[in-house]
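**Student:** Residue strings, one per chain:
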Amino acid sequence: MKGGSSLLVLLMAMLLLAGGAVFIGPVSDPSWTIIQEIRLPRVLLAIIVGIGLAGAGAVLQGILRNPLADPFILGTSSAAAAGVILAGVLGFQHYSALYFMSLAFALLSIFAVYRIAQFNGKTPVQTLILAGVIVNLFFNAAVFLCFSVFFRESYTVLFYLLGTLTEGDWGLIGISGTIILLGLGFTWLFSRELNILTQGEATAFHLGVNVGRAKKLLFVASSAMVAAAVAVAGLIGFVGLIVPHMMRMIVGPDHRVLIPASALGGAIFLILADSLARILVPPLEIPVGALTALIGSPYFVYLLRKRHQSGKF
Amino acid sequence: MPSLLLKKVGFDYGDTFKLEDINLSIPEGSFLALIGPNGSGKTTLLQLMSGLLEPKSGQIALDGRPLDQLSRSQLARQMAVISSEQHFEFPFPVAEVVTMGRFPYLGRFEQLTRSDREIVDEALKWTKTLHLRDRPISQLSSGERQRVLIARAVAQKPSILMLDEPNVHLDLNHQIAIFRLLRRLNQESSVTVVVVLHDLTAAAVFCRTVALLCEGKLARTGPPQEVITTEILREVYRADIEVHPSPIGGTPQVSYSADS
Numbered sequence: 001m002k003g004g005s006s007l008l009v010l011l012m013a014m015l016l017l018a019g020g021a022v023f024i025g026p027v028s029d030p031s032w033t034i035i036q037e038i039r040l041p042r043v044l045l046a047i048i049v050g051i052g053l054a055g056a057g058a059v060l061q062g063i064l065r066n067p068l069a070d071p072f073i074l075g076t077s078s079a080a081a082a083g084v085i086l087a088g089v090l091g092f093q094h095y096s097a098l099y100f101m102s103l104a105f106a107l108l109s110i111f112a113v114y115r116i117a118q119f120n121g122k123t124p125v126q127t128l129i130l131a132g133v134i135v136n137l138f139f140n141a142a143v144f145l146c147f148s149v150f151f152r153e154s155y156t157v158l159f160y161l162l163g164t165l166t167e168g169d170w171g172l173i174g175i176s177g178t179i180i181l182l183g184l185g186f187t188w189l190f191s192r193e194l195n196i197l198t199q200g201e202a203t204a205f206h207l208g209v210n211v212g213r214a215k216k217l218l219f220v221a222s223s224a225m226v227a228a229a230v231a232v233a234g235l236i237g238f239v240g241l242i243v244p245h246m247m248r249m250i251v252g253p254d255h256r257v258l259i260p261a262s263a264l265g266g267a268i269f270l271i272l273a274d275s276l277a278r279i280l281v282p283p284l285e286i287p288v289g290a291l292t293a294l295i296g297s298p299y300f301v302y303l304l305r306k307r308h309q310s311g312k313f
Numbered sequence: 001m002p003s004l005l006l007k008k009v010g011f012d013y014g015d016t017f018k019l020e021d022i023n024l025s026i027p028e029g030s031f032l033a034l035i036g037p038n039g040s041g042k043t044t045l046l047q048l049m050s051g052l053l054e055p056k057s058g059q060i061a062l063d064g065r066p067l068d069q070l071s072r073s074q075l076a077r078q079m080a081v082i083s084s085e086q087h088f089e090f091p092f093p094v095a096e097v098v099t100m101g102r103f104p105y106l107g108r109f110e111q112l113t114r115s116d117r118e119i120v121d122e123a124l125k126w127t128k129t130l131h132l133r134d135r136p137i138s139q140l141s142s143g144e145r146q147r148v149l150i151a152r153a154v155a156q157k158p159s160i161l162m163l164d165e166p167n168v169h170l171d172l173n174h175q176i177a178i179f180r181l182l183r184r185l186n187q188e189s190s191v192t193v194v195v196v197l198h199d200l201t202a203a204a205v206f207c208r209t210v211a212l213l214c215e216g217k218l219a220r221t222g223p224p225q226e227v228i229t230t231e232i233l234r235e236v237y238r239a240d241i242e243v244h245p246s247p248i249g250g251t252p253q254v255s256y257s258a259d260s
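As you go down the protein sequences, you meet chains Y and E in turn.
This note's numbering puts the first residue of the first sequence at 1, with every later residue one more than the last.
This note's numbering puts the first residue of the second sequence at 1, with every later residue one more than the last.
No lab work stands behind these hints: they were computed from the structure.
Treat the hints with care, as some may be off.
Straight-line C-alpha distance at most 30 Å; calculated DSSO-like pairs for lysine-lysine [to be verified]: (1) E:7 <-> E:56; (2) E:56 <-> Y:215; (3) Y:216 <-> E:56.
Facing chain Y, from chain E, some residues (calculated, C-beta under 7 Å) [unchecked claim]: (4) 83; (5) 90; (6) 91; (7) 104.
With beta-carbon atoms standing in for the labels, derived distance ranges [claimed, not checked]: (8) Y:90 <-> E:142: 53 to 63 Å; (9) E:139 <-> Y:149: 52 to 62 Å; (10) E:17 <-> Y:174: 52 to 62 Å; (11) Y:301 <-> E:242: 51 to 61 Å; (12) Y:216 <-> E:168: 31 to 41 Å; (13) Y:250 <-> E:219: 50 to 60 Å; (14) E:71 <-> Y:96: 35 to 45 Å; (15) E:64 <-> Y:301: 55 to 65 Å; (16) Y:304 <-> E:115: 38 to 48 Å; (17) Y:250 <-> E:115: 30 to 40 Å.
For glycine and all other residues, C-beta sits at the position ideal for the given N, C-alpha and C.
With these hints in hand, go ahead and build the complete structure from the sequences.
**Tutor:** Now the structure itself:
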């Protein structure tokens, strides 16, 4: 519990840093301009997107009682991206429309996955992943349909879809950051419920948890975090899978510690991954989403095999 | 005053199964077994009594208050339930699992108090799981796990404890240990115990009342000697069995032979 609160303080410090960064004073050195205009937003973006994806991953794994859940694998990310692209196609310029579409599609997909995967009150891991694959394919198809019709020439949109941290609009960064940190704080307040939900829903009911309400609120909050991350950075996969899993090995399964730890880990992970993506093939930059998927897929296979061997399938 | 009172309770899942006209009064301090053949509605009845399912007709009241008028945490402070659904994918340490029993007493912004911790320690000691407190629950044997779940229920400080086949998958020695724990809880802390059982011998040895379900109806309720009899069991289970008094204690015991 003490670890949890100290990590939360650290997160608040990060929030202050994010808020304060905008006000860093004007200096007329060109390298300072690069840092301020390009690098700084990029690092901040890596931090908030990392927090959003890893935090949401930790929460989803808890609600679904499944350490293999991840917003990318479950199709939430591609649904949010479909919302963003559709907002573009429909010519919505305003931020609120962008976030509304992103969130609406994320919510739609997560409830679809949940409904498809649930049989007799259970969500077995195989059907959950299959449902995610299907929903993912559907929204991916929608996204690439829009892309091929409306944005055929646009590298910006293509890079967005592959997941990239080049968004330089402070307004977008600010809104996404706010949504993600609020979502993180909100879900953290439900840590005890999440801990108990991992013991099974009937057990949670008998321990006094309002299961239906807690699950709905947590689904909505984690979808909002994913939608906010996708709105600024596109499809960056597997952060929500790898980071919470590693953090669980380090700090244990208690969500009071795991959620802040995942947030912190997500921020660090994405800063590192983005640095790698920038320097790996100079002078080109590869989309960071492609890199996380390259690392994440084998990791997923490893987790799947490990569970299989321990007879938990 | 009855702790739990069921009046004309009916329930169905919308298919052929039906639970009909269940009237049952469970006085405070009872030790009741729900027995009956597969599909007779034991688990469904337990889920109704614990509030997990809502009856389609009739009423269930806990200490005079209908279950559906109690908040989630009010109910959990009165009633602890160990269901047959159990998940151990997440390696919570035993002490943490038992501490979950204090959840209904904690506000969202409240921390555990010293007395909460003492209650948890007491529950661990009482179920002889104190030495396991830092072990992940995922690594324990089924007998140890069952004791930890009972510790969690004890930490809830309930007036009534319900269990769905707590002895299933357990060796005989662990089964006996679990039932003895339940009996001590019943006798020393006067917790009402309601338990779904397949094992009629255990029901006869440990329970003071048995309720026999047959095809969704309550066929008999009474002391084991009156319900677990050759005549009644042959009719309800449609099995070729004999009931004899046990050589130790004289409780009814079921036997059968290979030939029909």
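**Student:** Against which earlier hints does the structure fall short, listed by number upward?
**Tutor:** none
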